[in-house]
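The listed protein sequences correspond, in order, to chains A and B. Quick note on our numbering: the first sequence kicks off at 1 and runs consecutively. Quick note on our numbering: the second sequence kicks off at 1 and runs consecutively.
There may be inaccurate statements among the hints.
Unchecked claim - Going by beta-carbon spacing under 8 angstroms, a handful of chain A positions derived as facing chain B:
(1) Glu41
(2) Thr43
(3) Ile154
(4) Asp320
(5) Val330
Claimed, not checked - Listing some non-contacts, in silico: residues in chain A with all C-beta distances to chain B over 10 angstroms:
(6) Val51
(7) Arg52
(8) Leu79
(9) Glu117
(10) Gly170
(11) Leu172
(12) Arg264
(13) Pro306
(14) Pro319
Stated by the list, open to error - Computed list of chain B residues with no C-beta within reach of chain A, every gap over 10 angstroms:
(15) Pro53
(16) Ala66
(17) Gly115
(18) Thr178
(19) Phe212
(20) Arg221
(21) Gly225
(22) Leu230
(23) Thr275
(24) Asp290
Just so you know, the hints here were simulated from the structure itself, not pulled from any lab data. Please read all numbers here as calculations on a predicted model, not as lab measurements. Backbone N, C-alpha and C fix where the C-beta goes; we use that ideal spot for every residue, glycine too.
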Amino acid sequence: MRGWALLLVGAILSACAPRAAVRGRVMHDGSPLAGARVRLEPTNGGAGAEVRTGPDGRFEAPHLPPGPYRVEARGPGPLAAIPGQNPVYLPPGQPVWIGLQAVPAESPTFALLADAEPGFGSIAGRVLHRGRPVEGAVVSLYADESRGLRGPGIQDSFPTGPDGAYVIEGVLAGRYWVVARKRLHEGGMGPVRKGDLYGIAPANPVPIRDGQETRLDIHLVKKERDTAPDAGSLELTGTGVRGRVVDPQGRPVAGVYVFAYRNRTIGHGMPDFRTLPTGPDGRFELPLGEGGLFYLGGRENSGGSPQPGEWFGFYEGSPDHGLVVPRGRVLEGVEIVVKRVLDGG
Amino acid sequence: MATVASLAGVVLLGLAARAGADQGVRGRVSLGGTLVEGLVVRTYAYRPGTFGPWTGERPVGEARTATDGTYRIELPPGRYVVEGLAKAEGNTGSRPEPGDLWCLYSGSPVVVTAGAWTAVGLNLIRVPEERRSRSERSRIEGVITFDGEPVEKCYLYLYSGPGAAFRGPARRTVPVRTGRFRVAVPPGTYYLVARKRARGGSYGPIEVGDRFNFYAGNPVRVGAGEVVRLEMPLVERLSQLEEDPDAYHGLLVMVTGQDGQPLAGYHVLAYPVPTRSGPPMAVSSPTGPDGRTFVPIPPGSAAYLRARKSLGGPPAEGEPFGDADVAEGETGPVPIRVGVAR
């Protein structure tokens with residue numbers, strides 16, 4: 001009897017536990033795509049969910065346990081839609097909107113190479129947007145998707161020419177996640193922004209075989225809006241930092257993004273968390289996942305070493321720029337003071 | 001008459017410059033440890049976007065190495081690209097040809113400040129052959145070597161131009177696992193640089209013990225459907241400053257605690273980036289009881305300093321350290337106050 005009571009209490013508690021939900025739409029070439037299977041796979045384990053889009057391309061998945069989910073849509077037929085950011089964080093409360101754009105789900109083909117170095121192969125193909133070649137796109141190969149396919153690949157192509165053709169030679173045989181991007185802004189680095197084109201190959205991970213060339217076309221979609229990296233993560237775990245980026249005179253600085261590294265060696269590789277660039281008020285909101293000790297700073301550009309004249313600064317609330325943020329807490333009023341980087345000539 | 005007057009003027013100016021010059025570059029030139037006599041060292045004034053002979057600059061200083069491999073070129077204060085070249089018998093071109101001995105100093109541009117001599121040692125290679133053929137794709141391929149053997153796990157960098165003296169991101173960075181590489185490239189002009197850092201990784205300044213070189217045939221022009229096959233011999237970066245009692249010792253730094261009292265036993269590391277990550281450009285010997293030490297960086301150069309007792313890796317938990325920024329042209333002494341890491 002007591003056991004039954006406990007089970008009942010558990011069931012009631014479970015039913016009352018805050019739930020997450022997803023709403024969204026899958027489009028293909030500007031039209032809603034009906035009958036696509038949208039799969040939501042929790043990256044923390046547990047059962048996933050699959051829903052189908054209706055005639056208006058819309059889908060809805062209510063009553064999900066909050067958490068990070070890997071999202072993709074397949075079908076109908078040889079179509080697939082992979083969002084630019086995976087996982088998607090689903091906090092409890094208001095449904096999260098996910099817009100997906102479907103592209104042809106190309107499968108790789110293979111051709112023998114005449115004179116490849118043993119153990120190495122290559123990958124080549126075309127980068128397309130709505131069936132047309134894309135000039136100026138860069139194709140990147142990643143060894144895994146654990147870091148969200150961000151930053152430079154372990155090998156990158158040169159920008160495509162007018163025919164959209166790309167080739168990466170001398171690639172160690174293995175499986176790679178293939179991503180193509182065409183950025184509109186100068187520098188060609190940093191996160192994909194509104195108006196940029198990007199494409200994550202639905203065939204990922206793509207094999208590159210010893211002595212062979214993998215042939216794979218990559219279809220791009222247009223980034224429709226700027227989304228904060230790790231959007232929803234702060235609400236999901238209730239962990240992060242809010243504050244302002246200011247110059248040494250205390251005036252707010254716009255256009256600076258705030259970054260957080262778990263590793264004390266700040267600047268090696270991609271930050272673990274980062275914000276969108278600050279607005280005129282210099283304010284930022286930085287999600288920090290499960291919390292812990294982070295080393296914080298802010299800078300103006302993305303990728304590479306800070307350049308002369310660039311806004312750059314660390315969190316100076318501790319000598320090593322570190323800040324402990326416990327899970328479930330949002331620290332308010334954190335200030336990052338930035339200065340122009342010296343000209344090292 | 002006018003010509004005689006002009007010549008006299010030139011001579012007088014030259015004498016005046018000589019009398020007033022008390023700075024420049026000097027050092028030794030060697031090929032695999034053997035000092036090389038009679039090699040021509042040339043210096044080129046540097047400004048951003050140029051890089052000496054590769055961008056058509058004219059030399060502003062020239063000297064031949066003496067029997068002991070040393071040279072000395074007086075120069076006005078400024079920044080310079082330094083190149084050494086000894087032509088092989090039968091070679092007559094002005095640029096490096098197969099068989100020539102050559103080095104373009106990896107630390108170029110070097111800084112010369114008034115009244116100080118900047119030590120620049122040149123580590124030569126013998127220039128290898130370059131071959132060209134036709135193919136469907138334009139390509140640069142070849143091998144990166146050290147002492148004649150392929151270099152594993154290094155990086156090849158392809159730049160479109162000198163930019164900031166080949167510092168910062170390249171147009172393309174190619175990981176080279178076995179020493180051999182093959183890169184499909186759009187037709188165009190490329191500057192090749194190869195680096196193998198002892199600590200690994202594809203970025204950060206070259207430090208003592210790392211292997212490095214520019215390609216002697218820079219810039220490499222690749223036509224449509226052209227394959228360029230080449231070899232890039234690396235050299236090892238030796239100590240940045242040679243033993244020379246009269247040489248510039250570096251930037252004077254004074255390390256103190258929060259109370260202003262001098263601290264002994266602190267190294268001062270100079271970084272090119274404000275993150276103070278990656279290998280430092282230079283590391284000082286420990287501070288003495290007066291808290292003083294010299295950081296061996298070129299005079300007047302900008303740097304991000306960090307004072308700490310241990311070397312290698314980021315400061316440990318509880319380890320005291322202190323930072324200071326040095327602007328270009330700043331000559332010190334630079335005070336650094338030390339605090340405690342978490």
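Status of the hints after comparison with the structure:
Of the supplied interface hints, the one on A/Glu41 is violated, with its beta-carbon coming no nearer than about 31 angstroms to a beta-carbon of chain B, more than 8 angstroms. Residue-level restraint check for A/Thr43 is violated (minimum Cβ-Cβ distance to chain B is 28 angstroms; threshold 8 angstroms). Interface restraint check: A/Ile154 against chain B, minimum CB-CB distance 7 angstroms, threshold 8 angstroms, status holds. Because the beta carbon of A/Asp320 sits about 4 angstroms from the nearest beta carbon in chain B, less than 8 angstroms, this interface hint is met.
The interface hint given for A/Val330 is broken, as the beta carbon of that residue sits about 21 angstroms from the closest beta carbon of chain B, more than 8 angstroms. With a least beta-carbon separation of about 41 angstroms from chain B, A/Val51 lies farther than 10 angstroms from that chain, consistent with its non-interface assignment. Against chain B, the non-interface label of A/Arg52 holds: every CB pair exceeds 10 angstroms, the least being about 42 angstroms. The claim that A/Leu79 is not at the interface with chain B holds, since no C-beta of that chain comes within 10 angstroms of its own (minimum 30 angstroms).
Its beta-carbon lying about 6 angstroms from the closest one in chain B, A/Glu117 breaks the requirement of being farther than 10 angstroms from that chain. Some Cβ of chain B comes within 10 angstroms of the Cβ of A/Gly170; the nearest lies about 4 angstroms off, and the non-interface call is violated. Distance to chain B contradicts A/Leu172 as a non-interface residue, since its nearest Cβ pair spans about 6 angstroms, not more than 10 angstroms. For A/Arg264, the shortest C-beta to C-beta distance to chain B comes to about 4 angstroms, within the 10 angstroms cut-off, and the non-interface label is violated.
A/Pro306, annotated as away from the interface, has a beta carbon of chain B within 10 angstroms; the closest lies near 6 angstroms. For A/Pro319, the condition that its CB be more than 10 angstroms from all CB atoms of chain B is violated, with the nearest at approximately 4 angstroms. Interface exclusion of B/Pro53 from chain A stands, the closest Cβ pair being 20 angstroms apart, more than 10 angstroms. For B/Ala66, the requirement that its beta carbon stay farther than 10 angstroms from each beta carbon of chain A is met, with the minimum near 31 angstroms.
A cut-off of 10 angstroms between C-beta atoms confirms that B/Gly115 is not in contact with chain A; the least separation is 20 angstroms. Listed as a non-interface residue, B/Thr178 fails to keep its Cβ farther than 10 angstroms from every Cβ of chain A; the least gap is roughly 7 angstroms. The claim that B/Phe212 lies off the interface holds: its Cβ sits roughly 17 angstroms from the closest Cβ of chain A, which is beyond the 10 angstroms cut-off. No beta-carbon of chain A is positioned within 10 angstroms of the beta-carbon of B/Arg221; the least distance is around 16 angstroms.
Listed as outside the interface, B/Gly225 is consistent with that label: its C-beta sits roughly 13 angstroms from the nearest C-beta of chain A, beyond the 10 angstroms cut-off. Against the 10 angstroms criterion, B/Leu230 stays outside the reach of chain A, whose nearest CB is about 15 angstroms from its own CB. Interface exclusion of B/Thr275 from chain A breaks down, the closest Cβ pair being 3 angstroms apart, not more than 10 angstroms. Under the 10 angstroms C-beta cut-off, the non-interface status given to B/Asp290 relative to chain A holds; the minimum distance is some 23 angstroms.
Consistency with the previously given hints fails for numbers 1, 2, 5, 9, 10, 11, 12, 13, 14, 18 and 23, ordered from lowest to highest.
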